[in-house]
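K.L.:
Since the structure of chain H is already known, use the hints to place chain X on it.
In the order they appear, the protein sequences are chains H and X.
In terms of my numbering, the first sequence has 132 at position 132, counting the first letter as 1, and numbering is strictly consecutive.
In terms of my numbering, the second sequence has 30 at position 30, counting the first letter as 1, and numbering is strictly consecutive.
It should be emphasised that the hints constitute simulated quantities derived from the structure, not laboratory data.
Check before you lean on any hint, since a few could be wrong.
Think about it this way: if two alpha-carbon atoms lie no more than 30 Å apart in a straight line, the pair counts; the simulated DSSO-like pairs of lysine-lysine are [to be verified]: (1) X:K166 <-> X:K104; (2) X:K486 <-> X:K56; (3) H:K145 <-> X:K104; (4) H:K146 <-> X:K104; (5) H:K146 <-> X:K166.
Under 10 Å between C-beta atoms, here's a sample of chain H residues computed to sit facing chain X [stated by the list, open to error]: (6) Y71; (7) C73; (8) F113; (9) I135; (10) G139; (11) K145; (12) K146.
Ideal Cβ positions, reconstructed from N, Cα and C, are used throughout, including at glycine.
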Amino acid sequence: MGFAHPGPQGPQRLPLTRVDPHTTDPVSTMPFDFAQVLIFMLVAIGFVLVALTLSRLVAPRVLNADKGEIYECGERPIGDAWFNFNPRFYIIALVFVVFDVEVALTFPIAVVFKAWKEQGAGLIALAELLVFLVILAAGLAYVWKKRDLEWIKTVTGGPWAAANQSQKGPARRAAWEPR
Amino acid sequence: MSISLPALEPLLPGLLLVGVAILLLMYEVFAGQADRTYAAHLAVVGLGLSMFLSLKAVGTPRALLFGTDLANAPLIVDDFARVASALVAAAGLVAALLSPSYAKNAGHDHGEYYGLILFAVVGMMIMSMAGDLMTFFLGLETMSIAVYALTGLRAHDPRSTEAALKYFLMGAFATGFLLFGIALVYGATASVSLATLATFKAGSPLLTLGIALILIGFAFKVAAVPFHMWAPDVYEGAPTPVTGFMAVGVKAAAFIALLRLVHSGLGVSAQTDSTWIPILSALAVLTILVGNVLALVQQNVKRMLAYSSVSHAGYLLIGVVAAARGEASAGSAIIFYLTSYTFMTLGAFGVLTFLERKEGGPESERYGAFAGIGFRHPALGMAMSLFMVALAGMPPTGGFFGKLYLFTAAIRAEETWLALVGIAGSLISVYYYLRVIVAFYMREVPEPGPTPTATRSAQLTLGVALAAFFVLQLGLFPAPLLALTKSAMLSLGL
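In isolation and in its complexed conformation, chain X is listed as follows:
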């Protein structure tokens, strides 16, 4: 089988992004302008187009690239991959909208910034399409290297540099675990293909160890306890729009890939009796409890959101447990949750970007710094309240339906106690999410009041408005997305 150009068509959404990214890099060095807003616009157009192409192809048959069957194709473009690609492109799109004014304000207004976001999105797309572990690893690294660089962009801020170094070192360490796991799996099965992996029975110590190490790599990327240590420092130090992008994009891509591994690789039926379910359950419970409790005691809103994103990884892990139990609705619940989580988290970080002050620093991120914002900026206050309510999982927001589907799937999979832990975690989380609203509306405004409008811009407003729109839209009309996620899971053979 030789490769012809038409055969590459399913990859068009990703290839388009690579093209735009290279164009951005070349334009930056050869005809660079001082104002990089054009780069943000180009990136947004590219990401939007890529998202559109992915969604347009949903419903068409599965395409196998560079291979003839599931066992030897490194890239599988099915509805699952298409929906996931659209999701990560949407995350990149909103993040790119949040960026231009922030980047100018923080002194890292480089055209490369948007190129890196595009490359990271391409990596995430490859992760969602990976039919074997090596391709998955390739996508993961493409994404990670771009995100490492994005984290350290505020090079003159020690917090940002610390974040980048910490993320890079810990990430490299986790990559080591992951690769060693892949090597052991290859040793046990003589194949890295997920489809071949599914034909093996559980019980071989080599295979068990290999998959355990791969799971550690995943747990690091989604910041599951006890592999979450890097998250708060990195989230705090990274530029705010990048933090939002990391919190949603990296997490979404890792969970999407984990879902494919669980469904196509671990072979739901063959491995149900294995050790995975207790381990995944323990990870989920730990992540929910530790994430929520630590978020409670944070004084810095960015750090609070970091721990909150840890606890959201815990809720999603409940879904993974249900999926591993063979519950068909768990996968679509995870994708739905990831989508609503993407918009509410990016929205929250968008509001924080809005409120970033020229001088910056950790002081401007404390709860107290947001006193009275709800009255000074009514629309912003409303938006932040919406995102906080959504993160807490209350109706009428996408966060509510996300949690509803996730916990329902867990109960259907006879993991009622896990659903109960998840609900308890959500209850704890209400306290710290509402605390932001309390700071916004119920705290005395210090005189002279803060003037945190240094980063106001049309793009930023559009980004926050888009996020708010989708959070509400998913809460009021969840059916279209649910249908999409169902066709995605159907393409995995469920």
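Pulled out of the complex, with its shape left as it was, chain H reads as follows:
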């Protein structure tokens, strides 16, 4: 992949010895490399099978109502999990992804930036990074201005507002909100 700024000694490559495809065939040795993976998988499956069978044979079984409940990290579940979740959760998660991507791509640059600067590519790299950050910031500005960072958002316009009006009642509530 060419999308690499040069390291101190030319383009950085993975320490991977490239084999000329015409002289030696790396492909023929491939199944043996994967045999290790296969054995590992077999051992993993076998381990689970043995553990489950063993516990079924020797473990005591006491069934009661509490054990039949859904496990909610130790909390007592309040009602069914099959209801409409508020899409706000996903929006917040998506906004989080914006910053996730930001860190994931900025951090590697921070590591090699000094080397680039010594090569004289510092300014252009900085400019590129800034363009990247501006694009991400545009995404953040977008959700902010759309008021999707607020937990309670009143919808004014669009089909949902029309749906609310046509109901002739209080605005619809999300299922998880207390009634």
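P.N.:
Structure of chain X alone, referenced to chain H:
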């Protein structure tokens, strides 16, 4: 090699679109107006400019970005990529013209709509430039995510929501296949570059499996049988202009990328003896037959067009088989076909957009709902007849020359039987395409007649007129486009 700003110049058509899209998004939230026609205009101007820049650069030498040779450059801007970029920009342009009045009518008049179209077009451009499989994947996802969102825009319509969810889930599944295929190819060749892939001989099971999985991903995106199940529901549920955009843009981008994979990646000569040709041929035959037969029995015109687009993917796959056989003219035939298909399909969906009724619903899309339209709206009736005749592949339209070049290439590649299957499929298709014309002109007009003019607008008229113009232009004067497609294929080394 460090990246300087002038080196980015070949990417200008795409960067311009990204800029316009971000501008649209920012304008939408900070200074939004209730009427988003301005957004459509801005998008159309951006797409037109981008198309112009792409076409203007045709003939200039190949540019490699972020790399020094074919084996390590992730983006290759050659004439092939430029012609393809112009094509997808044209598809986006016509789709944007079809949209404003429809969006207002259907209650999804958001400025973001045009931003999403622009982002999808940028993704398609990246797909056409991709020099390695990861860049291709990046472009594919950029395009797909935008199209998923576009599909579900009519959020208050269960059909649209179903379409978006179905498309997203199936698309994510296909992406899984594609990525796993790329991983296996990397495992077999220690590289994701198409040029490096071409140096490997066929026969390694890992490589075969990897390419097979990648082909499944492609087959899903172009809705080839047996990976077409999502197409009718998604095409029916998506907003009509978006359906047109999906049917042409996504298909064009996928075929363009497939063509580059076949020419630069599979190494035409090295892999001809491999298993690809029978598999691709089987896909083509199945797609043509199943697509055409299922289109025959549809009662909903949008669904009929969905199956018809499936069968067109089949014709195009014949071209891919011919290209894999080393037939030099197959590639330019595919690009020519894609271009004429773009205009006739967008035109047909444009007419459907015109006829969309305020209340909408599947009833308004049945053949019967179009009774007598040819007399009530003579110009519209003429345009729809033109698009249907073009889709059926009759002269004097671009559809005729598209099929002619495609099937000629297949015969030259000694795949005569495939060309025969294609011709048989086209014959079947005449029935259901003419059925639309029959509904338009030869059915009694119910009283009181339908009043399907809720979405009339100058932009829509312009979009349909542009599509009709190009369908005719390609049918009467195919030479300029043919010259363009030839220089595109030359830049791939053919």
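K.L.:
A separate judgement is required for each hint: does it hold in the structure or not?
P.N.:
Hints versus structure:
1. X:K166 <-> X:K104: Cα-Cα ~25 Å, so holds.
2. X:K486 <-> X:K56: Holds. X:K486 to X:K56 sits at ~16 Å (cutoff 30 Å).
3. H:K145 <-> X:K104: holds, 23 Å
4. H:K146 <-> X:K104: holds, 20 Å
5. H:K146 <-> X:K166: holds, 27 Å
6. Y71: Violated - the Cβ of H:Y71 stays beyond 10 Å from chain X, reaching only about 27 Å at its closest.
7. C73: With a minimum Cβ separation of about 28 Å from chain X (threshold 10 Å), the hint on H:C73 is violated.
8. F113: Cβ of H:F113 sits 13 Å from chain X, so the hint is violated.
9. I135: Cβ of H:I135 sits 7 Å from chain X, so the hint holds.
10. G139: Holds, because the Cβ-Cβ distance from H:G139 to chain X comes to roughly 8 Å (cut-off 10 Å).
11. K145: holds, 4 Å
12. K146: OK, holds: H:K146 within 10 Å of chain X, min 6 Å.
Checked against the numbered hints given earlier, the structure breaks hints 6, 7 and 8 and satisfies all the rest.
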